[in-house]
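Engineer: If you want the building blocks of each chain, they are given just below.
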Amino acid sequence: MTTSVDAERTITVTVNGVPRQATVPVRRLLSDALRHDLGLTGTHVGCEHGVCGACTVLVDGAPVRSCLLLAVQVDGASVTTVEGLAREDQQGGQVLHPVQEAFRECHALQCGFCTPGFLVTIAAGLEARDADGPITDEEVEEIVGGNLCRCTGYANIKKAVHHADAAMRDAR
Amino acid sequence: MKPAPFRYADPRSLDEALAVLSAEEGAKVLAGGQSLLPLLSMRLAAPAVLVDINRVPGLDAVEATGDGVRVGALVRHDALLRDAAAARVQPLLARATANVAHPAIRNRGTTVGSIAHADPSGEMTSVLALTDGSVTVATPEGTGTVGWRDLFVGPLETSVTGPAVVTSAFFPALPERSGTAFAEVARRKGDYAVCGAGVVVTLDADRRVSAARAAYVSVGLVPEVHDLTDAVAGAPAEEADWAAAGALARSLVEPDGDIHASADYRRLLVGVLTERTLASAAAEALGKVA
Chain A
4 MTTSVDAERT
14 ITVTVNGVPR
24 QATVPVRRLL
34 SDALRHDLGL
44 TGTHVGCEHG
54 VCGACTVLVD
64 GAPVRSCLLL
74 AVQVDGASVT
84 TVEGLAREDQ
94 QGGQVLHPVQ
104 EAFRECHALQ
114 CGFCTPGFLV
124 TIAAGLEARD
134 ADGPITDEEV
144 EEIVGGNLCR
154 CTGYANIKKA
164 VHHADAAMRD
174 AR
Chain B
-6 MKPAPFRYAD
4 PRSLDEALAV
14 LSAEEGAKVL
24 AGGQSLLPLL
34 SMRLAAPAVL
44 VDINRVPGLD
54 AVEATGDGVR
64 VGALVRHDAL
74 LRDAAAARVQ
84 PLLARATANV
94 AHPAIRNRGT
104 TVGSIAHADP
114 SGEMTSVLAL
124 TDGSVTVATP
134 EGTGTVGWRD
144 LFVGPLETSV
154 TGPAVVTSAF
164 FPALPERSGT
174 AFAEVARRKG
184 DYAVCGAGVV
194 VTLDADRRVS
204 AARAAYVSVG
214 LVPEVHDLTD
224 AVAGAPAEEA
234 DWAAAGALAR
244 SLVEPDGDIH
254 ASADYRRLLV
264 GVLTERTLAS
274 AAAEALGKVA
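The listed protein sequences correspond, in order, to chains A and B.
Start counting at 1 in the first sequence, then tack on 3, and there's your number in our numbering.
Under our numbering, the second sequence has 244 at position 251, and the numbering climbs by one with no breaks.
Read the hints as simulated data drawn from the structure, not as lab findings.
Just so you know, these numbers come straight off a predicted model, no measurement behind them.
We put the beta carbon where it would ideally sit given N, CA and C, even for glycine.
Be a bit skeptical, because a hint or two may be false.
Below, in silico cross-link-like pairs of lysine-lysine (DSBU-like), each with a Cα-Cα straight-line distance of 30 Å or less [as the list claims (entries may be wrong)]:
1. B:K(-5) with B:K21
2. A:K162 with B:K182
3. B:K(-5) with B:K182
4. B:K182 with A:K161
So, partial list: chain A residues that the calculated Cβ filter (under 8 Å) puts toward chain B [stated by the list, open to error]:
5. T5
6. R30
7. G56
8. V75
Okay, chain A solo, but in the shape it has when bound:
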């Protein structure tokens, strides 16, 4: 038998464009590896069984629950967290992602706990969209339907998705 059966592994993951290495127990969830081993506390941990969506990150561009993946499973993959959404501008500052801008504009957050999960989910959902016209309410609900927010009542979050969609289509 050539396959090794390990209790601990050293993994290499490209996080927000930067190759990072960590040695983790194999039971370490990706959400915990991001926060504890890599110090990226932007990813929030809510229910820890896939219901709330707060811990959503992008793995190779697709939104996934980081609490439902083991860190060892993303060895060699590319991960984007909420910290990776903003872009650097020429003055060395940061330009918010259109979805972040829209959340600020539309007051789409209150306590902010669920916000990182919403931001990466919506950013990926809008970037994957291939239709030309404005996003429909039905599409918005499909994108954000897997994320829970206990403060806002969702109205302003949905408004922000429309707002970001318009901004992103204008920029194309």
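Given chain A, work out where chain B should sit, using these hints.
Structural biologist: Quick look at chain B alone, frame taken from chain A:
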């Protein structure tokens, strides 16, 4: 809410995966993990070893032929949902996967994994039953086929035991002059269904109902197919008494109650969803009869 300690292997071939499964006591296969990881985190399961098959090549294909659709063990729900060829051969696949959880879960969860998980509130177990499907199981002794009736033993329990990997599921093609529909009632779109129904209606050349079958989600301990033909047999598809078929379905099912819904409420939903989906499936079938 962290998994109990385990050891981990990510073999690069099916033979290696079976070798680890044979050599290690208490080993469990990990595919999409969208059902298994919550079980580990809630400590409802504590396998000694996880055998991650995600790096095994050749398990991620959807093959649609005239006979049906074969779905490999690593095909994500989202890939099946978007497979136009599979949807043409067996439309229930896209209709049901659209109801599986949320996009972020569908990006990772596998259709075959959810069948092997055998949760009575999963959609794809019911679709396997309704289409009279089967799974292919690889063991160190060789490869075999298990039909859905022999597969599901109880909630979260299948007849596949010992060192084995379910490598694919096969969903037979939709018969001619047939239509399908799938609908759920859930507290939040994408959550586990309080009740779901998938149906197939087949018409004869004179546009009369020749068969009506249904399978349900979150009703009963294992998937079952209920033949509702008696309530509507021979009726012209436009005028068939779908409410009578719904009433027959209500009398056949044996749902349980839980914190989400009482058994009576589930039985009521079975009737409502059956009537609604049968009418929709019949309308679709009518479009295929010249």
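Engineer: Please go over all the hints and tell whether each is borne out by the structure.
Structural biologist: Consistency of the hints with the structure:
| no. | hint | result |
| --- | --- | --- |
| 1 | B:K(-5) with B:K21 | holds (17 Å) |
| 2 | A:K162 with B:K182 | holds (19 Å) |
| 3 | B:K(-5) with B:K182 | holds (27 Å) |
| 4 | B:K182 with A:K161 | holds (15 Å) |
| 5 | T5 | holds (6 Å) |
| 6 | R30 | holds (5 Å) |
| 7 | G56 | holds (7 Å) |
| 8 | V75 | holds (6 Å) |
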